[in-house]
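Trainee: Those sequence lines, one after another, are chains A and B. Just so you know, we're using the numbering used here here: the first sequence kicks off at 1 and counts up by one. Just so you know, we're using the numbering used here here: the second sequence kicks off at 1 and counts up by one.
Check the hints yourself; a few may be wrong.
Stated by the list, open to error - To give an idea of the chain A side of the interface with chain B (calculated C-beta under 8 Å), a few residues: (1) E94; (2) E97; (3) T111; (4) T139; (5) R152; (6) P199; (7) T221; (8) L230.
It should be emphasised that the hints constitute simulated quantities derived from the structure, not laboratory data. All C-beta atoms in this analysis are idealised placements derived from N, C-alpha and C, irrespective of residue type, glycine included.
Here are the chains, one letter per residue:
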Amino acid sequence: MKKLSSVSVLSAPILALTLTVILTLASVLTGCTKTANRSITSIRSLADDSSNGQTQILPENHPNPNENIVVEVNGTRIGTREYVASVFENVFGESAEVSAIIDILVVKNITIFGGSCDNYNTSKCPLTTGRARFDASETPAAYPPREGLRVRACEEITNLDSAISYVVGEHLDIPSVSTEPSEVAVRKLYSIFYPGQDPSSEVVDSLLAIATDAKQRSYPTKDSWRFIILTLCLSPDWQVP
Amino acid sequence: MSKKISRRKALTLIGGSAAFPLAANPVEMLIRGLVNGVLQKASAENAPNSIEPRNYIFICMPGAPPRWHFDLAMRPYSAGTALVRNMHVNNRFKNGQLVYENHPVNLPGGGSLNMPHIWQNDIPRPGAGTAPMSQLLENMLIVRGLNMQVDGHGPNRLKMIRPNPGANSLDGMVADLSSKPIPAVSTSGVLQTAYASGRGIGQVVLGANRNGIIEAMSPFRRADYGGDFLNRRDAMELSVNEGLRRLGIIAMSGNPAADGLFEMRSSAEQLLRDGVGNVGGEYDTYVAKYRDLITRVRNGTLKGVTNEAITNANLSNQKNQCRLTDPDAGANYLDQDGNLHSIISTETSVSGLAENFAVTEYLIRRGYSSALTLDVGIPTKFRASRIKKRSDDSVKSSDVNFNYTTDEHAGGSAVSVIAWNFYFTCLAACIREMIDVLDTDLGIFNESLIQLGSEFSRIPRNDQLGSDHGWMANVTSMWSGVISEPKVLGNIRPEPVSNTQRQGDWGKNAPVAELDGLDERELQMGNLASTVTEILRVESPFSNNQPVISVDESTSSTSQRIEDGRERNS
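Please model the complete structure; the sequences and the hints are all you need to start from.
Mentor: Written out as structure tokens, the structure is:
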């Protein structure tokens, strides 16, 4: 608490000086300095091997295209099994059916989703998974087995009518899934998976187009909700805490 | 493997977006990276290699069997130099007695390599027929005389796969650079605890059995959802994918690395759609093949063992030489009717051997994984006519099955020779078949490394009662298409005969010249780790410890960096 208090009274000049020092250090570390007449020209992901040889992405007005610096970032850190489970529970509720799916596909797959066990949280640490459960990564990465399980969880849960009704009723305050999705509703749905963020109009349009597609196929309105929610659920970046 | 949203495609898609930060001020990008905590390292050193790492199959022998039966060649290049004999260092029977013998194998370029006696055996091949075990030497590198510097099963076993506790494990390093759907898999109960990935890539841990492999592939096997959900989902695919594409654009505008997330989801969905085939059926086929190899080793001839007449009565010290490790801590010995090698029964096997190789073959054949660690179990189900108490020769039990432990502290010399000849011949047959799968069937032997290792070799006891932890005498063997020729590297020295506990040759390390720019230093774990990583194409966790070979990727060949393995007196 004392540290927090001391930070709060830092004056603006000190903060500015601190930021300058940080940026200077970063510039030195990255070799990115004005005097060298070089600048960062792209960011590529260390998790993305397809980016090799494709890093020459220059702004049109780049002063010296022959002196590129590529800033590389590690693969996106995503949440552990507990984080993913909590998002599922928040979105779809904690009915017995939903919880069972989350438990089997997410919570119990400790080494795949990350999130090691500790002695204070044995309820989510089945004893049958071996010692590795204590060594599971706290900074897991996405890879196909994890995504396979997550996709399955999304599919299995959104296949439950009760889960769709829960989302529409609890989060959107719409009493019946026979009400067609609106732009406002779609924006709210987006914010359930991405709290505090607003979707672009392109995203809203694409999600509403799913409802239109379902309607044109004469699927019940419930399926319009189902496939919009499934699409949001399948999108992997809500796993970034 | 299909990647529905490649980075190139994603960048093309979003190239004109004003929201995308590539068009923003680079300093803003740097700040954003710092603030978001995603800017981890501004260095090209750890960037994914454009070349995939080699497939890595690490075969662990927990418990650490004595290696002088198999890959600890005592006099590889100097047959004329006699062994300084330890009476527990035997590898065959001859004229009713225990002896140690070399088997010279002619090398393609002339000369010969003196391997332990077992290398004159033939090993069964799938279906029918046999092949000389010596063919296994063609692409084999043996590193001996490794000083693990500390005793202990646990630590040394973990060191083999994670040699530097402050760095990632070797299989984790491969997984970090792998594009395979399940980068790292372990069936090893112990090695899984050493796994560490720099990118947070999880390791799939499974039991080496039918259920285990089915479970491992379960992320890609949809449950029966009932109804027509999947049909409708398929029908809606275009509009759902367009929604995902739009969501991806937004994601990448805030976090350029998010494209990796979308690629992984896309890959997983592709596997879900393709299905993983009849996993259980495939596994059954492979496990039957490897079990058949073991059966044929059991039914075939182990030269120097099952074609020799050897009885309890002939042994010079049967109470010691037939000592058994059992729950009574070596208080007993084996008394066999007729020929001693008849302890190999119709059920004798090596636990988990066929199952582990079947799981490995499935994953490798399908291209699902590139880093696999597996355990080979102990020799099991030998049959004893009688087990007697060493104290008074009274019969403790009759006509019983017994297992032989790899950690043979209480394994008498005679039983040891029988057990390990059987075990290593089975293992050689399975490794040979795995190599054939990699080479002939898949054409990826050049892109693969099989490593056989354990926590250490062993120190023989002069009294022939068994052997103890040889942590200053470890041995590891490697096979890869890139290994150009049979080679034994690493020096050893005998313990003087004045050592009343552990005299003679058993592979104790001796200094190697021209290593790390230092003169006269023995091989250590760091040198082995650097050798393995040199072959795997990943960064060594011990940059100060040089590999014992160099790989020339342009010619797919290796060259040794140190002298041929030799024997020294000090």
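Trainee: The structure should be examined with respect to each hint, and the outcome stated for every one.
Mentor: Quick rundown of the hints versus the structure:
no. : hint : verdict
1   : E94  : 20 Å, violated
2   : E97  : 13 Å, violated
3   : T111 : 5 Å, holds
4   : T139 : 5 Å, holds
5   : R152 : 6 Å, holds
6   : P199 : 7 Å, holds
7   : T221 : 13 Å, violated
8   : L230 : 7 Å, holds
The structure fails hints 1, 2 and 7 (numbered hints given earlier, in ascending order).
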